[in-house]
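Asker: Residue numbers (our numbering), protein chains in the order written: chain L, 1270 to 1511; chain V, 1270 to 1511.
Just so you know, the hints here were simulated from the structure itself, not pulled from any lab data.
Take the hints with a grain of salt, since some may be wrong.
Copies of the same chain are indistinguishable here, so a pair counts whether it falls within one copy or spans any two.
Said to hold, decoys possible - Lysine to any residue pairs mimicking SDA-like chemistry, simulated, CA-CA at most 25 Å apart:
1. Lys1282 to Gln1371
2. Lys1491 to Pro1471
3. Lys1385 to Arg1492
4. Lys1491 to Leu1404
5. Lys1341 to Lys1410
Number of protein chains: 2
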Amino acid sequence: MYLINKCYICFMKDFFSQFDFQSNLLFEDLTESENQAVQNVMEPLVIKKGSMLFYEGGIPTGIYQIKQGKAKKFKRGFSGEEQIFYIYTQEDVLGYHALLGQERYQDSCEALEDLKVNFIAKEDFLRLLNEIPALQQKLIKNIGHEFGVLANIIAVLAQKNQNARLALFLLLLENRFNRNSPIVKGIDLTRDDLANLIGTSPESLGRSLKQFKEQGYIETDKRNIYIKDSLQLEQLLQVKTD
Amino acid sequence: MYLINKCYICFMKDFFSQFDFQSNLLFEDLTESENQAVQNVMEPLVIKKGSMLFYEGGIPTGIYQIKQGKAKKFKRGFSGEEQIFYIYTQEDVLGYHALLGQERYQDSCEALEDLKVNFIAKEDFLRLLNEIPALQQKLIKNIGHEFGVLANIIAVLAQKNQNARLALFLLLLENRFNRNSPIVKGIDLTRDDLANLIGTSPESLGRSLKQFKEQGYIETDKRNIYIKDSLQLEQLLQVKTD
DNA sequence: TTAAATACATAACATTTGTTATATATTTGT
DNA sequence: ACAAATATATAACAAATGTTATGTATTTAA
């Protein structure tokens, strides 16, 4: 890799952030009273696996912060096939784009497992934005950052071959899923969802996973994927073409 | 296609807008006096082919509206290769993301030919946003729309094969380049840029172009590409996989 | 708990795309 | 206008990915 010396970890952290919406940091840096104001309008909800948090074309009612579980954000192409472009997890905040722009949702979001979320109703959230200018500023900043993330994903899909894409997303997802937890959880997505995310078919994904297992890069248990040699996976990212 | 009857044109217009930033409409719907305020702070500039309007990581100084010529917006992947994700043309406004979020540029923009632009300095533009709330609202709305465009591009790159991607981008670009002009101009990009945009190599792009010519879908003159049978190209979009 | 449904693994073959190489055309700078 | 540099076209072969098919494992619902 580029920097194998002292700041390798910093480098990877910075690297991951290029592909991470970082919407889990949205409510950080608030004062005690601001934070209290946010907490006050949060309504805990449970959302069943397979339910939609929101639909493309739907009218926004509020925003969500995930407290437990995972959700996929996707859009349907013009031929109707679903394309996942982000997997949200614990602490991530979502649904604010449409709200800020006072428009309809541009995409859909579905619970991948039973979800615990905190919901903030539209009016409450808009009021918070008025009361806490720093929050509004941070939100707009983050949308800019997310824009860059999507552009980076475009570059990866257009330029990298399947093994490189898989290696990248495995590293990203493990990093994201284990953000706040010391115990390594593994990557637990259906093969269909993972294939959809990296832009290939489940059969072809299976072929790549098999190669990775044979090389000792990963291990699997049921559908769970555990990274065993992240350095080798990172090497794969250097592969040039598609 | 889906709707071959009376609203086919409306359908295609709507279809194209899913892939178009529509930043040419940003200064529409202003009152006479608002428009005058905008015109007053615009400074006409000429930018040479190959020059950068801005750089990834650079500090924003203002925004641009292109009055003549084309520019490419791109980002470098982590291995350094350029990935074009948008081609701007006449009337398009660009450079406002970083400004609004008070952050650095997330991407780079380069003139593809000699450009005539109108420049609005940062302070002037921020003042305009304050004076014209409708403009600020429209801007935020448009960023939301652009977000959806990038997601759609991701879906295309991940799901469509090369011929379908080429067909789509040819249709999009012709539509965009001939937006305000009755005379058909053809698509005039280097093979490298076009290949980069659709996510393939120039050699492979050449193969697809040859096929399209043999089928009578397009004609070429020098590097210029003219669409001859847009219906057949639209058929290609229906092709499922990559 | 069991049967049905769904998800997963794998292989063989077809197709698409990448790569390398060479020749021709076009543009640029003097 | 000319030479040099750059861009384009094309072909043959290699590699990657899509597709179809079949069997096994796992999950779900009764």
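Asker: Hint by hint, say whether it matches the structure.
Answerer: Do the hints match the structure? See the list:
1. Lys1282 to Gln1371: between (34 Å within a copy, 23 Å between copies)
2. Lys1491 to Pro1471: Answer is within: at 15 Å inside a copy they meet the 25 Å cutoff, but 42 Å across does not.
3. Lys1385 to Arg1492: Within one copy only: 23 Å inside a chain, 56 Å across chains, cut-off 25 Å.
4. Lys1491 to Leu1404: The answer is neither: 42 Å in one copy and 53 Å across copies each exceed 25 Å.
5. Lys1341 to Lys1410: both (23 Å within a copy, 23 Å between copies)
Of the numbered hints listed earlier, the single one contradicted by the structure is hint 4.
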